[in-house]
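Undergrad: Residues per chain, in single letters:
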Amino acid sequence: MKVKVDPERCQGHTLCAMIAPKVFELDEVDGHSSPISEDVPADQEAQVAEAVRSCPEQAISIW
Amino acid sequence: MSADEVLDDADRKKNRFHFDRHTPEYRHQFESVTQEMHAKCPIAWSDTYGGHWVAAGNREVFELARSAEYLSNDHDVNNERRGYKGITIPTPESMKIQGGFLEMDPPEQRHYRRTLNPYLSPAAVSRWAPVVEELVRACLNEKIETGQIDFVDDLANVVPAILTLAMMGIPLKHWAIYCEIVGVQFKEGERLWLSWAMANRDPAVFDNPNEIDLARTGNRHHSFGLGIHRCIGSNVARMVFKHMVTAVLDRMPDYQCDPAGAVHYETIGVIQGMQHLPATFTPGPRLGAGLDETIETLQQVCDEQRLAEPVTVRKAKAEIVH
Chain Z
2 MKVKVDPERC QGHTLCAMIA PKVFELDEVD GHSSPISEDV PADQEAQVAE AVRSCPEQAI
62 SIW
Chain E
66 MSADEVLDDA DRKKNRFHFD RHTPEYRHQF ESVTQEMHAK CPIAWSDTYG GHWVAAGNRE
126 VFELARSAEY LSNDHDVNNE RRGYKGITIP TPESMKIQGG FLEMDPPEQR HYRRTLNPYL
186 SPAAVSRWAP VVEELVRACL NEKIETGQID FVDDLANVVP AILTLAMMGI PLKHWAIYCE
246 IVGVQFKEGE RLWLSWAMAN RDPAVFDNPN EIDLARTGNR HHSFGLGIHR CIGSNVARMV
306 FKHMVTAVLD RMPDYQCDPA GAVHYETIGV IQGMQHLPAT FTPGPRLGAG LDETIETLQQ
366 VCDEQRLAEP VTVRKAKAEI VH
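Line by line, the protein sequences are chains Z and E. Take the first sequence: its position 14, counting from 1, is numbered 15 in this note's numbering, and each next residue is one higher. Take the second sequence: its position 118, counting from 1, is numbered 183 in this note's numbering, and each next residue is one higher.
Because the hints were derived from the structure by calculation, they are not lab data. Be careful, since some hints might not be right.
Which chain E residues face chain Z? A few, computed with CB under 8 Å, are given here [claimed, not checked]:
#1 Ser186
#2 Ala188
#3 Ser191
#4 Thr282
#5 Phe289
#6 Asn300
Since the structure is predicted, the reported quantities are computational estimates derived from the model, not experimental observations. Glycine included, C-beta positions come from ideal geometry on N, C-alpha and C.
Put together the whole structure using the sequences plus the hints.
TA: In structure tokens:
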């Protein structure tokens, strides 16, 4: 599984980092999210799928 | 968009709904009004308050909130731009000032937001967690031995107020005359009200939307808004709420709210909330100092540790020595 966050859509709601803190890191200044790595570890796939569903801006995509 | 495609007013506004959210009836009927709008017209024109659009469906609210190039929050108080009236419908007659950067558009909005970000980001807010923990502890101390508390007067009004005081230790655009979003043709200058609350009750997105489920998954709610004006205080709200709920469940787990004593706001045209929420519980022991002494200690902590600096200047969590 690969993951990316659309920086144009992300508005720093932080739900992704709450759900999958090992995968998403938040900018110190504005709280916007980016994946720590494009590749999602196998044991994080369920959390990342949940993060996709939980983003109010629908800014996360996986493939 | 060619002249052929422009619809006349009657056509554009064919979905109509009489919507007056500044009445007590709206609060009492919120769920049924929401269900009706979701079923019949998730976006509708209302003739109230000079006429405005109301968006109630989740999909409609989402698409509109993200359409920053078409949606203006501008409050043009001195009529220097397009005379837009800001985000409150109806525009308050008494207060003819711009409501901060929430009533601005980019690029100006972005300058203010960027200036405030380092005080309100998740990293910035987490520095205050020990302070909030102390405040919550002290607030509960004031009531814990009596077996009675008002969650609004004694906790929810107090902690954010003090925290806020501590934290403050302070382009040419081209607008289409008509634009089409979510299947509706909007005319330039028309006012639009986005209902975050109604979008949150959309059964297309949320199962059993009118039920509280603290373990709800896929919970992409809009209580903090959407888009570029997403509530910049959302991290403060989450952090404070988490500390309050945890402490209440730890120290007064058998609390019972008194429905007869609960006082709601008469109207919820802008925001929902309560004025009073009394509860009873089995009394327990005080832990540490009361509220007055705790505030004195915290004032010293704020001053000595310069907590109100932005997170770019001062990164560490507050240190409270007991």
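Undergrad: Does the structure break any of the earlier hints, and which numbers would those be?
TA: The structure breaks only hint 3.
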